[in-house]
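J.: Letter by letter, the chains look like this.
2 protein chains.
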Amino acid sequence: MTRITCNLSVSVDGFVAGSRQSIENPIGEGGMRLHEWHFDPNADDQAVIDEWQLSPGAYVMGRNMFSPGRGEWDLDWRGWWGEEPPYHAPVFVLTHHPREPLIMQGGTTFHFVTEGLDAALEAAKAAAGDKNVEIAGGAGTVNAYLQSGAIQELHLHVSPVLLGAGERLFDGVSAELTLAPVAVVGSRRATHVKYRVGSA
Amino acid sequence: MTRITCNLSVSVDGFVAGSRQSIENPIGEGGMRLHEWHFDPNADDQAVIDEWQLSPGAYVMGRNMFSPGRGEWDLDWRGWWGEEPPYHAPVFVLTHHPREPLIMQGGTTFHFVTEGLDAALEAAKAAAGDKNVEIAGGAGTVNAYLQSGAIQELHLHVSPVLLGAGERLFDGVSAELTLAPVAVVGSRRATHVKYRVGSA
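Same order as they appear, the protein sequences are chains A and B.
Under the working numbering, the first residue of the first sequence is numbered 1, with each subsequent residue one higher.
Under the working numbering, the first residue of the second sequence is numbered 1001, with each subsequent residue one higher.
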């Protein structure tokens, strides 16, 4: 059974990206600070990264994460991650603009889905086989899949950072959603809390 | 040297009280769910509670925490905690209305301070001696003391609950504040993260 998972780096004040996202600053002002634990991990952080990155068989990504600050109609855009993106699996990108699949190096192929959240999730499930489907972000996409009840496991990586403004996790998500903590790892760089997600 | 500490139970979406606080529901809709870990702790939670409750020599409390949903001019009001409040120490209550100290059972005395945040903190420091001063809440008072740089240690008790609305921790607090995690305890009921607080 394919599990639907979501890993997110989030500030202590609840933001997953800073304000004023742009071409120059795709995760917004201060947003890179959320990911510092990822670039300079200690052993505990590294174990979390290994678990996160080894298990997904496919990803779903919002259009703003694929092309923040850009028109999604720019069919020459190849993403922010260079020619070998870190996904190494099929990535289903929500968009309003049909486009042929984009085959990158290292196993990542971006597929563009215009039929909405459910269609993207079903396509990712079919591609993932026995492995997880990971909801890659951004905040709007994660909040929509939380609200729909699709996400079964939410792994928050809380960075010791305040952003003060930006894209807020849980915006518009019903308080009926239930969260059960199943694992916690703390480091100097971040607090990693894994929640099983259900509904009341 | 007196340390200034703050322990707060907070929802995963960042609220320390629910919406529509009233006489009947002093911590707002759903707010009691934040404190369930406190009423049904496991051994790890209990160790956190013991550390929290044994160390303060004095408390500072906002007027809305002392008298949520009530006029602070009600001089017969004796707080929400019955005749033996759980503080067992002097509590300095921020208010606009002068009032004689209110001596309760079990060592709690409520002192009413009309001269503002700094005056309340200085009075609490003098009363605490070598022990901590704990900022008891609510959100507005904690945010003001965070913003002023007074709080040195912030201990968040993150309950696996979404409130969706209410009093938000960190509202109006500058992103310049730095937080360094120094201890993490996870349980089925809550994730307890202790931060050392500084400024950039």
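It cannot be assumed that every hint is accurate.
Unchecked claim - The calculated lysine to any residue pairs, modelled on SDA-like cross-linking and capped at a C-alpha distance of 25 angstroms, are:
no., chain 1, residue 1, chain 2, residue 2
1, A, 194, B, 1168
2, A, 194, B, 1075
3, B, 1194, A, 35
4, B, 1194, A, 77
Said to hold, decoys possible - Which stretches of chain B does chain A cover? Using the computed rule of at least three CB atoms under 8 angstroms from a CB of chain A, they are:
no., region
5, 1093-1105
6, 1126-1136
Since the hints were derived computationally from the structure, they do not count as laboratory data.
Cβ atoms here follow ideal geometry from the backbone N, Cα and C, with glycine treated the same way.
J.: For the pair we were handed, residue 194/A and residue 1075/B, check the Cα-Cα distance against 25 angstroms.
T.: violated (47 angstroms)
J.: For residue 1194/B and residue 35/A, compute the direct alpha-carbon distance and say whether it is at most 25 angstroms.
T.: Answer holds: residue 1194/B to residue 35/A is near 20 angstroms, not above 25 angstroms.
J.: With a cut-off of 8 angstroms between beta carbons, are at least three residues of the region 1126-1136 of chain B near chain A?
T.: violated (count 0)
J.: Between residue 194/A and residue 1168/B, is the straight-line Cα distance small enough, at 25 angstroms or below?
T.: Holds. Residue 194/A to residue 1168/B sits at ~23 angstroms (cutoff 25 angstroms).
J.: Residue 1194/B and residue 77/A: Cα distance at most 25 angstroms?
T.: violated (43 angstroms)
J.: Tell me if chain A covers the region 1093-1105 of chain B under the three-residue, 8 angstroms CB rule, please?
T.: Per the Cβ count (0), the hint is violated.
Going down the numbered hints, you'll see the structure goes against 2, 4, 5, 6, while the others check out.
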